[in-house]
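Chemist: First to last, the protein sequences are chains A and B.
So in our numbering the end of the first sequence lands on 76, straight run, no missing numbers.
So in our numbering the end of the second sequence lands on 146, straight run, no missing numbers.
It is possible that part of the hints are untrue.
[As the list claims (entries may be wrong)] Partial pick of chain B residues on the chain A-facing surface, computed with a CB cut under 7 Å:
1) Tyr12
2) Gly92
3) Ser105
[To be verified] Not the full set, but computed from the structure, chain B residues with beta-carbon under 8 Å of chain A:
4) Arg13
5) Tyr14
6) Ala87
7) Phe91
8) Ala96
9) Pro100
10) Arg106
11) Glu112
12) Asn115
13) Leu133
14) Pro135
15) Ala137
[Unchecked claim] Reference listing, derived: stretches of chain B covered by chain A, where coverage requires no fewer than 3 residues with Cβ under 8 Å from a Cβ of chain A:
16) 43-55
17) 118-132
Simulated from the structure, these hints should not be mistaken for lab results.
Ideal Cβ placement from N, Cα and C applies to all residues, glycine included.
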Amino acid sequence: MLFFRSEERVREWCAAHEYPMRPLVTMDQLWTLATTWYSTRLQEHSRRPQPDEMRSIFAGLGLGGDFWNPQSDSFS
Amino acid sequence: MSFDTRTKLAIYRYFAETGQRPSLEVVAERVGADASSVREAYVRLRAQRVLVLEPDGVSIRMAPPFSGVPTQHLVIVDDTKYFANCAWDSFGIPAALHRPGKVHSRCEQSGEPLNLEIDLEGPPPCNWLFHCLVPAARWWDDIVFT
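Isolated chain A (complex conformation):
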């Protein structure tokens, strides 16, 4: 899970390592993910989002498809 200056830099990095290019996430989307995951982490009743919740969170940000599905079996 890494930062990149631009889509072109992501493309170059993936090509150099022979990795597939994945969906890109903006900084605003990343902030929403970070706050959703961690804003209660130091509190007694915090817990990680469960798979159904994760799907809903991702979908709410426009992050859909098998890549963001925590229960997908499309990637082995």
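Got chain A sorted already, so can you dock chain B onto it with the hints?
Modeler: Coordinates of chain B only, in the frame set by chain A:
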């Protein structure tokens, strides 16, 4: 509050206070238990995916978003330095602490530095991008690589 929750909070609050990982002995002291009981709790917390241990079974590698070891993602909040496990977690530290923070990282391809001041509403307008190579269903197969 359960013993596991007290253990988890002792770990996370130590990270929050110091930016460093606590030793097994420090956690045991904070929860008022013996080291053996805390070590057993570590195993259960790992199963809940809120703790990642080094191969020795006692050194904390990750208490997400905090990293127990130095990484390329440095976060400064109120003059305390923290290391994050990844780009996502670098935003997660100010989010967890509910404090503004400075995120220092880099573009993985070019090495260009990223310096962002995060406030309580998030980052300023910024066209950098986040890329995750591993599909969500596989993140915890090897969370260190992810």
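Chemist: Compare the structure with each hint and give your call.
Modeler: Against the structure, the hints come out as follows:
no. : hint    : result
1   : Tyr12   : 5 Å, holds
2   : Gly92   : 4 Å, holds
3   : Ser105  : 5 Å, holds
4   : Arg13   : 6 Å, holds
5   : Tyr14   : 11 Å, violated
6   : Ala87   : 5 Å, holds
7   : Phe91   : 4 Å, holds
8   : Ala96   : 4 Å, holds
9   : Pro100  : 13 Å, violated
10  : Arg106  : 7 Å, holds
11  : Glu112  : 5 Å, holds
12  : Asn115  : 11 Å, violated
13  : Leu133  : 6 Å, holds
14  : Pro135  : 4 Å, holds
15  : Ala137  : 5 Å, holds
16  : 43-55   : holds (count 3)
17  : 118-132 : holds (count 10)
Of the hints listed earlier, those the structure fails to meet are numbers 5, 9 and 12, in rising order.
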